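Peer 1: Hey, can you work out the whole structure from these sequences and the hints?
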Amino acid sequence: AQKITQTQPGMFVQEKEAVTLDCTYDTSDQSYGLFWYKQPSSGEMIFLIYQGSYDEQNATEGRYSLNFQKARKSANLVISASQLGDSAMYFCAMREGREYGGATNKLIFGTGTLLAVQP
Amino acid sequence: DVKVTQSSRYLVKRTGEKVFLECVQDMDHENMFWYRQDPGLGLRLIYFSYDVKMKEKGDIPEGYSVSREKKERFSLILESASTNQTSMYLCASSPFGGANTGELFFGEGSRLTVL
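These protein sequence lines are chains A and B, in that order. Residue numbers for the first sequence follow the working numbering, beginning at 1 and rising by one. Residue numbers for the second sequence follow the working numbering, beginning at 120 and rising by one.
What the hints contain is simulated information worked out from the structure, not anything from laboratory work. Quantities reported herein were computed from a predicted structural model and do not represent experimental measurements. Honestly, I wouldn't trust all of these hints.
To be verified - Result set (DSSO-like, lysine-lysine): computed pairs, CA atoms no more than 27 Å apart in a straight line:
1) B:K174 with A:K3
2) B:K176 with B:K122
3) A:K3 with B:K176
4) B:K122 with B:K189
5) B:K174 with B:K190
6) B:K190 with B:K137
What the hints assert, rightly or not - Between beta-carbon pairs, the in silico distance windows are:
7) B:G159 with A:E15: 25 to 33 Å
8) A:R72 with B:D170: 44 to 52 Å
9) A:Q57 with B:E136: 50 to 58 Å
10) A:R63 with B:E227: 32 to 40 Å
11) B:M146 with A:P9: 18 to 26 Å
12) A:E17 with B:E136: 31 to 39 Å
For glycine and all other residues, C-beta sits at the position ideal for the given N, C-alpha and C.
Peer 2: Right, here's the structure in full:
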């Protein structure tokens, strides 16, 4: 069965430092997609970054990068130069189903990591 | 700007009441989803729909039903609310297939308390 594991319930990081949030996944599919979402205290889910299973380069979006290690089945999120506004819950997710052109795009989510950025 | 709107941010209901959670999206997306979020459990899929009048069970459908009469609207129904259905409910939508990544667009959530 497909599964996402986030082993860090909570983390602290100093402002301006980099932080890595861990995510491992389990799937027998050859094609899949990995996502990170941010959920601030206000509750909305904010999409951060996406990595396709066939993408050779690690995805980057501004201060966010996804450290994709396919053989290890890990998809860690790296936030560089942390800011106070980065304090939030972070969820790793995986798209079930086939690659583009037919997927119903169900996502399965991990349990989340609560990040607290300290001044 | 893309938008998924959930009708109520906060609801308080009594045990045994019938509860409707409404979700509307304005992006002409085929897929719509209802997730439930609980501390330590992350988001769990209740039901999803990939077309009007179509629905499929997710991982935790027991105690819930859904309705999708129009493409833009997806309703979650608790036929007889129970205290263990106290939770945050998140609606999401996404386009079907094509070259999209499968990113879900979420509403702001509905926090339901059942007393």
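Peer 1: Given the proposed pairing of K190 (chain B) with K137 (chain B), does the C-alpha separation stay at or below 27 Å?
Peer 2: Given that 27 Å is the threshold and the Cα spacing comes to 23 Å, the pair holds.
Peer 1: Do the Cβ positions of M146 (chain B) and P9 (chain A) conform to the proposed distance bound of 18 to 26 Å?
Peer 2: 33 Å, violated
Peer 1: At the C-beta level, are G159 (chain B) and E15 (chain A) separated by a distance inside 25 to 33 Å?
Peer 2: 27 Å, holds
Peer 1: So if I understand the rule, the pair passes when the alpha-carbon distance is 27 Å or less; does K174 (chain B) with K190 (chain B) pass?
Peer 2: 12 Å, holds
Peer 1: Please work out if K3 (chain A) and K176 (chain B) have their alpha carbons no farther apart than 27 Å.
Peer 2: Given that 27 Å is the threshold and the Cα spacing comes to 18 Å, the pair holds.
Peer 1: Starting from K174 (chain B), check that the Cα of K3 (chain A) is at most 27 Å away, please.
Peer 2: 23 Å, holds
Peer 1: For the range 31 to 39 Å, tell me whether the beta carbons of E17 (chain A) and E136 (chain B) fit it or not.
Peer 2: 48 Å, violated
Peer 1: Confirm or reject the claim that Q57 (chain A) and E136 (chain B) have a C-beta distance inside 50 to 58 Å.
Peer 2: 51 Å, holds
Peer 1: Just to be sure I understand the hint, the distance between the Cβ atoms of R72 (chain A) and D170 (chain B) should be within 44 to 52 Å; is that true here?
Peer 2: 37 Å, violated
Peer 1: Given the hinted pair K176 (chain B) and K122 (chain B), is their alpha-carbon gap at most 27 Å?
Peer 2: 24 Å, holds
Peer 1: So if I understand the rule, the pair passes when the alpha-carbon distance is 27 Å or less; does K122 (chain B) with K189 (chain B) pass?
Peer 2: Between K122 (chain B) and K189 (chain B) the Cα gap is close to 16 Å, so the pair holds against 27 Å.
Peer 1: Look at the Cβ atoms of R63 (chain A) and E227 (chain B) and judge whether their distance stays inside 32 to 40 Å.
Peer 2: 24 Å, violated
Hint violations for this structure: numbers 8, 10, 11, 12, all remaining hints satisfied.
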